[in-house]
Amino acid sequence: MIDDQDNFLGKSLEQFQRFVRQSGPAAAAAYTLLASILLLGGAGYIIDQYFDSSPSGLLTGLGLGLIIGFYELAKSVFKK
Amino acid sequence: MIVGGEKAPGSSVMDQVGDNIIHHVSNSDIHHPIVHLPHLFGIDMSVTKHVLMLWIVAVLVSAAVIIPIRKYLSRGNSAPSGIANAIEAVVKFIRDSIVAPNVGPKWVHTWTPLILTFFFFILFANAIGMVPIFDVLGLFNRFVMGVPASDSHNFINGMLHGGVTATGNFNVTAALATITFFSIIVAGTKAHGFLQHIKNLVPHGLAWPIYIILIPIELMGLIVKPFALTMRLAANMTGGHIALLALLSLMAIFAEMFHSAVAGIGVAFVSVPMAAAISGLEVIVVMVQAYVFTLLTAVFVGMSINVHH
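Chain order of the listed sequences is A and B.
Throughout the first sequence, residue numbering follows the numbering used here, covering 713 to 792 in sequence.
Throughout the second sequence, residue numbering follows the numbering used here, covering 81 to 389 in sequence.
In short, the hints are calculated from the structure, not lab data.
Treat the hints with caution; some may be incorrect.
[What the hints assert, rightly or not] Below 27 angstroms or equal to it, Euclidean Cα-Cα: the simulated DSS-like pairs (lysine-lysine) are:
id: 1; chain 1: B; residue 1: Lys270; chain 2: B; residue 2: Lys172
id: 2; chain 1: A; residue 1: Lys791; chain 2: B; residue 2: Lys270
id: 3; chain 1: B; residue 1: Lys172; chain 2: B; residue 2: Lys186
id: 4; chain 1: A; residue 1: Lys787; chain 2: B; residue 2: Lys186
id: 5; chain 1: B; residue 1: Lys279; chain 2: B; residue 2: Lys186
id: 6; chain 1: B; residue 1: Lys172; chain 2: B; residue 2: Lys151
id: 7; chain 1: B; residue 1: Lys279; chain 2: A; residue 2: Lys791
id: 8; chain 1: A; residue 1: Lys787; chain 2: B; residue 2: Lys270
id: 9; chain 1: B; residue 1: Lys186; chain 2: B; residue 2: Lys270
id: 10; chain 1: A; residue 1: Lys791; chain 2: B; residue 2: Lys186
id: 11; chain 1: A; residue 1: Lys723; chain 2: B; residue 2: Lys172
id: 12; chain 1: B; residue 1: Lys279; chain 2: A; residue 2: Lys787
Could you put together the complete structure from these sequences and hints?
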């Protein structure tokens with residue numbers, strides 16, 4: 713009975729470790745996608761405020777953020 | 081919250097709730113620091129609440145991690161027991177499940193110490209933010225010691241300004257992410273040499289016009305990674321506390337809205353259990369956020385060592 717419980721706990725922890733290993737690149741890609749949109753969108757918004765060019769700076773920033781974010785996502789998805 | 085509860089004449093609860101919440105999660109004002117220190121190179125070195133919390137966290141990490149490990153090492157080859165045993169389990173998990181799969185077996189012992197330092201520091205800083213020690217001290221100060229909230233010279237009143245979660249401060253998380261940023265460069269340089277590391281940023285063997293597009297994208301990607309770490313940790317730590325305080329504020333809002341204490345007490349039967357549930361969730365968030373920061377650091381460092389395009 714104790715052996716079964718130890719086996720179950722051990723297997724569960726091994727599975728958890730496997731999920732952790734696999735989730736790393738996916739988490740990095742997801743957070744990078746979000747951060748690039750936020751960072752470049754924010755930079756575009758600040759440029760708009762400074763040069764009174766709304767909304768072209770924001771739109772350009774968001775577009776660049778999407779490109780960089782999806783590039784990083786593609787790098788992790790199509791990794792050799 | 082206690083100091084923030086000073087009511088301006090004629091202002092309603094609704095007017096104060098937002099300010100109180102922001103006051104509770106943000107750093108204390110640099111113009112009213114806990115310890116006054118002189119300017120150094122034009123920077124005010126005075127100790128604010130979050131700086132004090134960073135010191136406390138440093139002392140706690142030293143006491144809870146460094147001292148037991150030093151004791152264990154001085155005992156020789158015996159099996160670890162007590163707190164050293166628990167630390168060993170965490171260290172083994174991070175080394176085997178986070179660092180090794182990302183940086184590879186050759187560099188695992190080079191980068192595990194840094195990533196473990198991140199994990200323990202963030203875990204302790206997050207966890208201490210869940211302990212309302214200064215609020216309890218403030219209650220004691222106000223109701224037992226009889227010190228009025230308006231006494232700005234009282235030391236404990238000074239401690240009540242600002243939140244206690246240092247990792248909810250974007251400056252703190254930006255500093256941690258800056259270490260990660262330089263770690264990525266150092267890891268790539270140690271593994272391949274500086275010039276090759278720079279060359280590795282983009283895939284090899286492409287037509288030159290592609291590089292005109294790819295090089296700026298990769299350079300921006302270098303900055304985006306630490307930015308993701310900065311925003312994610314600080315926003316997650318602040319968000320939970322804001323949700324908690326917003327729920328508790330419902331009692332005061334409803335009491336004022338219906339001009340009845342009964343309405344406030346009635347709402348408490350819903351808002352307090354919800355706040356308790358969110359506090360339970362926050363305990364998980366404390367650990368998950370420390371884990372995610374270390375995982376992402378390991379992934380980013382690993383990406384500069386094991387280059388795949």
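Status of the hints after comparison with the structure:
1. Taking the CA atoms of Lys270 of chain B and Lys172 of chain B, the gap is near 24 angstroms; set against the 27 angstroms cutoff, the hint holds.
2. With a CA separation close to 22 angstroms, the supplied pair Lys791 of chain A and Lys270 of chain B stays within the 27 angstroms bound.
3. Distance check on the hinted pair: Lys172 of chain B and Lys186 of chain B sit about 17 angstroms apart at the alpha-carbon level, within 27 angstroms; holds.
4. With a CA separation close to 23 angstroms, the supplied pair Lys787 of chain A and Lys186 of chain B stays within the 27 angstroms bound.
5. Pair hint Lys279 of chain B plus Lys186 of chain B holds up; C-alpha atoms about 22 angstroms apart against a cutoff of 27 angstroms.
6. Restraint check: the Cα-Cα separation between Lys172 of chain B and Lys151 of chain B comes to about 19 angstroms, which is no more than 27 angstroms; the hinted pair holds.
7. Distance hint between Lys279 of chain B and Lys791 of chain A is fulfilled; the C-alpha atoms sit about 18 angstroms from each other, no more than 27 angstroms.
8. Straight-line distance between C-alpha atoms of Lys787 of chain A and Lys270 of chain B comes to about 23 angstroms, which keeps the hinted pair within the 27 angstroms bound.
9. Taken as a hint, the Lys186 of chain B and Lys270 of chain B pair is honoured in the structure, with Cα atoms around 12 angstroms apart against an allowance of 27 angstroms.
10. Using a Cα cut-off of 27 angstroms, the hinted pair Lys791 of chain A and Lys186 of chain B holds, with the two alpha carbons roughly 21 angstroms apart.
11. Among the hinted pairs, Lys723 of chain A with Lys172 of chain B is consistent with the structure: their alpha-carbon atoms are about 17 angstroms apart, no more than 27 angstroms.
12. The straight-line distance between the Cα atoms of Lys279 of chain B and Lys787 of chain A is roughly 16 angstroms, inside the 27 angstroms bound, and the hint therefore holds.
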